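Participant: Could you put together the complete structure from these sequences and hints?
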Amino acid sequence: MAYSVMDNKTSSGALGVVLMLVVFVSLLSSLYFLGNSAESLERFGRANDLLLVINGLMSVIIFVLVAMNAVRLVRELRQGLAGSRLTLRLVLMLVLMSLLPAIIVYTFSVRFLRSGIDSWFNVQIEQSLDNALDISRASLAEEQREFMRSSEKIRLTLRTLEDASLVPAMSDVLSAYGAREIILRDRQGLVIASASLNLYLPNMRVDQELSERVLDGQSWVSVIERQDGNLDVQVGLAFNDGVVERNGQILEVIYPMDARRQELGQDVQDTFQHYQQLTFMREPLKTSFVFTLSLVLALSALAAVWIAFRLARLLMRPVQTLAAGTRAVAEGDLSQRLPPGGKDEFGYLLNSFNQMVRQLQSARDRASISQGEVEQQRAYLQAVVGSISTGVMTLDQSGRPRTINSAAIDMLGVDRVDVIGISLEDARDKTGAYAALAEAVAPHLDADASVWQEELHLNGARGRRTFVCRGSRLGEVGTGHVLVFDDISPIIRAQRDAAWSEVARRLAHEIKNPLTPIQLSAERIRHRYMDKLGEDGELMDRATRTIVQQVESMKSMVNAFAEYANTPDLAFAEIDLSDLVADVVELYRGLPSGGRIGLNLADNLPLVRADSGRFRQLLHNLLKNALEAKENEEEANIDVSLQLSVIDNESCLKLQVRDYGPGFPVDTLDRVFEPYVTSKSRGTGLGLAIVKQVVEEHEGEIELSNPADGGACVTLYLQHMAS
Amino acid sequence: MRGFLLWLIVWMAAAPLRAEDGVVSYNSLVSYVVDQRVYLSTDVSLQLSGLARSALESGVALEFDTDIEVSRQVNFWPDQTLRRYQISHRLSYQELTRSYRLERLQTGDRVSFRNLKDALHSMASLRDLMLLPVSELKGGKRHYGRMELSLDIDALPSPLRTQAYFSRAWKLQGGEQEWRIR
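If you read the protein sequences in the order shown, they are chains A and B. For what it's worth, this note's numbering labels the leading residue of the first sequence as 1, then goes sequentially. For what it's worth, this note's numbering labels the leading residue of the second sequence as 1, then goes sequentially.
These aren't lab readings, by the way, just hints derived from the structure by calculation. Predicted, not measured: the structure shown is a model, and the values here were computed from it. Here a beta-carbon is modelled for each residue, glycine too, at the ideal position from N, C-alpha and C. You can take every hint at face value.
Taking CB as the label site, the calculated pair distances span:
#1 154/B / 103/A: 29 to 35 Å
#2 219/A / 45/B: 29 to 35 Å
#3 191/A / 65/B: 35 to 41 Å
Partial list, derived from the structure: chain A residues whose beta carbon lies under 8 Å from chain B:
#4 224
#5 265
#6 272
Facilitator: This is the structure in C-alpha cells:
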C-alpha cells in the first residue's frame, strides 16, 4: 500500500517540480523585463501588459495551489494526522525565511524605482527644451514675417491689374516669391483667380476665421499641415487701397515652409512633447512600476508559501510514512514494510524500522510456535489430568482454586463453578466433602512445609470416605499450591473384605470341626445318664439341650461365615430381574410380619446376565434387613423399585430397596458392608456384606444412603443385556 | 508595504472623483435616403475631461472610435446586425504650431485645427455616411441604428492605461445613441 501511495506522490511531485520551474522562469523573466523596461517608456509599455498577464495568471494559479495546501493542512490538523503540526511549523518557518528578505528587497526596490524615475526629470532640461521650442517658434515666426512681406509685395503687384491679367501675373509672382499657391477670393470667399504649383484645385471656400479677420483689416498668417505632413504657411491680405474693383477682395498666399527649418522644428517639438508626456505620466509611471513590482512580489510570496508547503511535505513524508508504519505495527500488523529510504538519516531510519519489524515478526512467529507447543502440552496435560482417577486441584497463592479435574469434581460431589475462584476459607463455611476438604487443607496452606500428606475422612452425601491428600507448593514461594487426592475408601474396604474373608474361612475351619463332637458327646451323655440320675436327670436334660442348641447356633453362625468366605461357582444366565424381584417380594408379602411392601417395576425392562440363586439371596438379605428395620411401628413399610437408569452415559438397571426405619448410623455408614458391623441386637452382620459381595460378582455398584425424609435406602446399579 | 497597498486601493477607488467627466452630446442625428441609399449625418459635440485634455496637451495622442451599427429587430430573438462600421481617429497636439492634428486612421487623412473644440467637433460629427442600400431594409420590420463614440483606452501609453481602466476621467459619458431608421 505504501508503495502505491509513493507512486502517486511521485507523479504529483514531478508535476509540482514542473510548475515550480515555470513559476521560477516566470519570476526571472518578469524581473528581467521590469529591469529593462525601467530604462525607457516604450519598453515598459510593451512589457508591462505581458508582465501583468503572466504574473497575474501565475499568481492566481499559485494562490489556488496555496489555498488547496492550506485547506489540506487545516484538515490534517483537525484530524490530528501525524506530522501535521510539524508541517505547519516548517511552513511558517520557511515562509518567514523567504518573505523577510523579499520584503526588504521590495522596499528598497520601490525606493530605487521612484528615485530612478524622478532622475529622468530635470529643471534644466525642461528649461532647455522650452527655450529650444521658443527658438523654433521664433524661427517659424521669422519665416512667417518674410512670407507676409512677400505677400504684401504680391498684393501691391496685383491690386491694379485687370481681371484678365490676373492669372498670368499670379503665375509670375508665384515662382518669383516661392509661393505654392496664390488665390484671389471675393468677400464670400469664393475663388476669383488662382495660381498653383500643383494640379489640384484650390479650396473653394476660405477659412471663415481668416476671412473675417482679413476683412476687419487685420493681416492673417498661419501655419497649416499638408496631407503629407509637411507644413505650409498661409497668409491672408485684404485689398483695401487699390482699384475699386479689388476692394473687399482677399488675397490668400500659401508658402511651403523651409524643409530644414521644418525638420529641426519638428525634432524640437517631438523631444519637447516626449518630455512633456513623461512629465505628465511621472506619477502613473511610478504607480505602474510599483504595481508590477508588487505583483511580482505577490507572486514571489505565493510561490514561496507554495514551495514551503512542498518542502515541508517532502520533509514530512518519511516521518508520516514512519508514523503510519509504527501505527500499523502497534495495531499488530507486522507485515507492514516501508518503502526503502535514501541514503540520508531518514533513509537510515526507514531501513532500521523495516529491520526492526522483520525481527519483531520473526520473534512473534517463534513465540507463536512456542505458544502452540505450550498449548498442545497444556491440552495434553489437561487431558491426562482430566482422565486420571486421582483428584487434582491447583490453588493460587491466596488459596483460591484455579483448576480442578473431573475426578476431583466427582469425588467431592461439587460443580466446577462452585469451586473455581472461591477461596477455601469461604468453602469451609459450607457442608459436604468439599467443605471438609477445605477445612482439612487450609492449615497446610499457611504452613511452611513445601510438601505435606494427610489421610482425611470426609463425610459427604455418599457417606464417610477416606482420602489420601498430598499437597505441595508450586515453584517458588507465593505462586500457589497443588492438591492431589485419592479416594482410598474402596481400597480400604477391599482390604477389610479380604481380611474378613480370611477370618470367616478360619472360623469355619477352626470352630466348625470341634462343634460336631461336642454336640455328639452332649447327646451321648444325655442318652446314657439321664435315666440314671433320677431327679438330677431333669438338670441333665436342660444342660445337654442347651449345649446342643448353642452348638447348632454356633454351627449356623459358622456356616454363615463359611458361606461369606466361600466363592461359589456362579451359574450366569439371562434372567428377567423383574420376575425375580416380584417372586421374592411375593414370598415376604405372605409372611405374618411382612408388613407393607410396595413394588414398582418398570415395563419392558431388558434382561440381566446373572446368577439367579445368588441374586435371590441378595434380595432376601435386603428385604430381611428392611423388615428388621421397623422401629416402633407395628408393621414394616418397604418400597421396592426397579427402573431403567443412566450412569456415566451408560444405561443400567436401578434396583432400590427403601425402608422408613431409623436409617444407617452415620458413623458406620462407610463400614456397613463389613462383617459384624450392624446396629441390630441380633444377626451376624453379614447380610449387607454378602449383598455387596453378590453385587461385585455381577460387576454392579451399590450405594447406601439415608434419605432426607427418613429411613434407609440401598440402591444397586446393574448392567443389562442389549435390548 | 501595507501603507502602499492601502494608498493604491484608495487612489484607484477615488479616481472617479478626481476629474470631471468627458461628455458626448448628440445635437442631431439624421438618417436619410438619397438614390436608394441610406445616409447618416450627425452633429455631435465632444468635451474631454480635464485629465484627458491635460494628457493631450502634454503630448499624449488620444485615439477615438466611432462605432456605428445598423440592426433589424427580431421578435423573441437577438436583433440582426445588418451593417457595422468603425471610424477611428487619432488626435494629437502640435506644440510647435499650437494646433491640433486630427488623423483618420483608416484613410490616413490629416487635418489641423487651431482649437480643440473644432477638432473634437470635426471628429465626432459625420457627414453623409452611407449606411446601406434601401433594399436591405425589410418592410414591416423595425430598423434602428446605434452610434457609440468612445476613447480607446488600450491605445493609451501603458502607465496611463492601468489607471484609465479604473478612472471615469477616461470614459465618455453619453457616448452611445440609438435612432430609428424609417
